[in-house]
Structure formats: structure tokens, C-alpha cells
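Chemist: Listed below are the residues making up each chain.
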Amino acid sequence: KNQVEQSPQSLIILEGKNCTLQCNYTVSPFSNLRWYKQDTGRGPVSLTIMTFSENTKSNGRYTATLDADTKQSSLHITASQLSDSASYICVVSAQSGAGSYQLTFGKGTKLSVIP
Amino acid sequence: DAGITQSPRHKVTETGTPVTLRCHQTENHRYMYWYRQDPGHGLRLIHYSYGVKDTDKGEVSDGYSVSRSKTEDFLLTLESATSSQTSVYFCAARDLGNTIYFGEGSWLTVV
Numbered sequence: 001k002n003q004v005e006q007s008p009q010s011l012i013i014l015e016g017k018n019c020t021l022q023c024n025y026t027v028s029p030f031s032n033l034r035w036y037k038q039d040t041g042r043g044p045v046s047l048t049i050m051t052f053s054e055n056t057k058s059n060g061r062y063t064a065t066l067d068a069d070t071k072q073s074s075l076h077i078t079a080s081q082l083s084d085s086a087s088y089i090c091v092v093s094a095q096s097g098a099g100s101y102q103l104t105f106g107k108g109t110k111l112s113v114i115p
Numbered sequence: 001d002a003g004i005t006q007s008p009r010h011k012v013t014e015t016g017t018p019v020t021l022r023c024h025q026t027e028n029h030r031y032m033y034w035y036r037q038d039p040g041h042g043l044r045l046i047h048y049s050y051g052v053k054d055t056d057k058g059e060v061s062d063g064y065s066v067s068r069s070k071t072e073d074f075l076l077t078l079e080s081a082t083s084s085q086t087s088v089y090f091c092a093a094r095d096l097g098n099t100i101y102f103g104e105g106s107w108l109t110v111v
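Protein sequences, first through last, are from chains A and B.
Just so we're aligned: the first sequence equals residues 1 to 115 in the numbering used here.
Just so we're aligned: the second sequence equals residues 1 to 111 in the numbering used here.
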């Protein structure tokens, strides 16, 4: 069964500090891995998407890494801001047919940035 | 922004009544999805569509049906709402680059 595990479940950090969120997965056959940010009461918004051959991808202060051998990904947030307070969701895609994909969602890490 | 709008955004309904949630997109995406999000669970797929009149079940499809008569609209219907269907429902659409865009959610409470 495809699974995505995220850690920690929740995290509180001081504004201006860096943090790293983890995602471990057992999904096959792997197609890509995505990180989403979900503000409270809003829909998820895409931060990054990485394929098998990509080790790292950045989007502003967000940097995602992927180790396809160990089936691990991390999302690093640099110089956190209050607006970074949100849930961060790791989503792994498995190809299930021509043009068809099965997405497995992690439960998310809830990040709180405090002044 | 894939121009996805959901309606209604909030609804309270009684057990046993039918409910329809609407998802509208403006970018002509072929693939559309309905998910539910509950505490302690990741987003779970209810149904998806890969074209007009082409739909298929997801992992939690019992008690739900969908219809897609036009590319831009994807409807989710709860035939007879139950308290276990109290949830936040998200519609999504996938572009050709495989980016998935989500709507803002529909909060449904079944009392």
C-alpha cells in the first residue's frame, strides 16, 4: 500500500529562524513528489514538484530536496516569516496508466511561526 | 491560478437530504478531482474525471456520485447526506505540466 509519512506533526519556531520538514514515502512506481502549503481555511497551493531525476528545487525561501534512493524528501524554509504559518503537505504521485496518476497525500506538518 | 471556484463555500444540511457541490474551472483542464479533508487524514480522493462524461471512483467513493457534462463543471452529489460526510471538500484540476490546483474548499456540516 502506498504511504506518505510526514514529520514532525507540528512545529513552532521563532520568526527569522530556519526549519526543515520531512517526508518519507513508500510509493511505487514513483512519478513525482510535490510539496503544498495550506493556509488555515484555504485550499492547498503548490510550492514545488520534483521528478525522479531532480535532487533539489527552490521556490523563494522554500527549498525541497529529494533522495529517491532512500525515498525521502525534505522542505527547508529559510528566514521564516509569520506568513509561513500553515500546514505543509507532501504528495507523492505514482503513475497508474497512460496519462493517469495516483496521488498519495501525507497528513501534513502544521508550522506555527511566532514573533 | 487555475481559476477554480467552488460553491457553496459553506453549507449546513440535515441527515438524509441530498446535497450537490459545484466546482467550476476556467482553464479547460481535462482532469478534475474531488477530495475530502478530515482531521487525522490526508486528503482522500472521492471521484475524479478525465473528460466530459468520463469519471471514475476514488478511495472513498461510497455515498457520493459525480457528473461532468461540461469541461468546466464537475459536480459532487451526496445522495442522502450522513453525519460521517461532514467534512471539507476540495475540488482540484490538473494542468498539462502535472501541477494540481485546488479550489478554496466547501465546508459541509450534516446535522
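These aren't lab readings, by the way, just hints derived from the structure by calculation.
Hints may be right or wrong, so weigh each one.
What the hints assert, rightly or not - Have a look at the derived ranges for each label pair, beta carbon to beta carbon:
| # | chain 1 | residue 1 | chain 2 | residue 2 | range |
| --- | --- | --- | --- | --- | --- |
| 1 | A | T78 | B | S65 | 25 to 31 Å |
| 2 | A | D39 | B | S65 | 42 to 48 Å |
| 3 | B | S69 | A | K17 | 31 to 37 Å |
| 4 | A | Q9 | B | W107 | 30 to 36 Å |
| 5 | A | T78 | B | G3 | 26 to 32 Å |
| 6 | B | R30 | A | G16 | 29 to 35 Å |
| 7 | A | T56 | B | G97 | 14 to 20 Å |
| 8 | B | L96 | A | T56 | 47 to 53 Å |
| 9 | B | T82 | A | N18 | 32 to 38 Å |
| 10 | A | N18 | B | D73 | 40 to 46 Å |
| 11 | A | Q9 | B | D73 | 34 to 40 Å |
| 12 | B | R30 | A | N55 | 29 to 35 Å |
| 13 | A | T78 | B | D73 | 38 to 44 Å |
Said to hold, decoys possible - Here are the computed lysine to aspartate or glutamate pairs in the EDC-like style, where the Cα-Cα straight-line distance is at most 20 Å:
| # | chain 1 | residue 1 | chain 2 | residue 2 |
| --- | --- | --- | --- | --- |
| 14 | A | K107 | A | E15 |
| 15 | A | K1 | B | E59 |
| 16 | B | K53 | B | D38 |
| 17 | A | K110 | B | E27 |
| 18 | A | K110 | B | E104 |
| 19 | B | K70 | B | E59 |
| 20 | A | K57 | A | D67 |
| 21 | A | K17 | A | D84 |
| 22 | B | K53 | B | E14 |
| 23 | A | K71 | A | D84 |
| 24 | A | K110 | A | D69 |
| 25 | A | K107 | B | E104 |
| 26 | B | K70 | B | D56 |
| 27 | A | K107 | B | D38 |
| 28 | A | K107 | B | E72 |
| 29 | A | K110 | A | D39 |
| 30 | A | K71 | A | E54 |
| 31 | A | K107 | A | E5 |
Stated by the list, open to error - Going by beta-carbon spacing under 7 Å, a handful of chain A positions derived as facing chain B:
| # | residue |
| --- | --- |
| 32 | P29 |
| 33 | F30 |
| 34 | R42 |
| 35 | P44 |
| 36 | S46 |
| 37 | A79 |
| 38 | K107 |
Backbone N, C-alpha and C define an ideal beta-carbon position, used for all residues, glycine too.
Chemist: For every hint, state whether the structure bears it out.
Modeler: Evaluated hints:
no.	hint	in the structure
1	A:T78 <-> B:S65: 25 to 31 Å	violated, 45 Å
2	A:D39 <-> B:S65: 42 to 48 Å	violated, 30 Å
3	B:S69 <-> A:K17: 31 to 37 Å	violated, 50 Å
4	A:Q9 <-> B:W107: 30 to 36 Å	violated, 23 Å
5	A:T78 <-> B:G3: 26 to 32 Å	holds, 31 Å
6	B:R30 <-> A:G16: 29 to 35 Å	violated, 43 Å
7	A:T56 <-> B:G97: 14 to 20 Å	holds, 19 Å
8	B:L96 <-> A:T56: 47 to 53 Å	violated, 24 Å
9	B:T82 <-> A:N18: 32 to 38 Å	violated, 45 Å
10	A:N18 <-> B:D73: 40 to 46 Å	holds, 43 Å
11	A:Q9 <-> B:D73: 34 to 40 Å	holds, 37 Å
12	B:R30 <-> A:N55: 29 to 35 Å	holds, 30 Å
13	A:T78 <-> B:D73: 38 to 44 Å	holds, 41 Å
14	A:K107 <-> A:E15	violated, 24 Å
15	A:K1 <-> B:E59	holds, 12 Å
16	B:K53 <-> B:D38	violated, 28 Å
17	A:K110 <-> B:E27	violated, 31 Å
18	A:K110 <-> B:E104	holds, 18 Å
19	B:K70 <-> B:E59	violated, 24 Å
20	A:K57 <-> A:D67	holds, 12 Å
21	A:K17 <-> A:D84	holds, 11 Å
22	B:K53 <-> B:E14	violated, 29 Å
23	A:K71 <-> A:D84	violated, 26 Å
24	A:K110 <-> A:D69	violated, 27 Å
25	A:K107 <-> B:E104	holds, 18 Å
26	B:K70 <-> B:D56	holds, 16 Å
27	A:K107 <-> B:D38	holds, 10 Å
28	A:K107 <-> B:E72	violated, 29 Å
29	A:K110 <-> A:D39	holds, 10 Å
30	A:K71 <-> A:E54	holds, 13 Å
31	A:K107 <-> A:E5	holds, 7 Å
32	P29	violated, 15 Å
33	F30	violated, 13 Å
34	R42	holds, 6 Å
35	P44	holds, 5 Å
36	S46	holds, 6 Å
37	A79	violated, 26 Å
38	K107	holds, 5 Å
Violated hints, listed in ascending order, are 1, 2, 3, 4, 6, 8, 9, 14, 16, 17, 19, 22, 23, 24, 28, 32, 33 and 37; each of the other numbered hints is respected by the structure.
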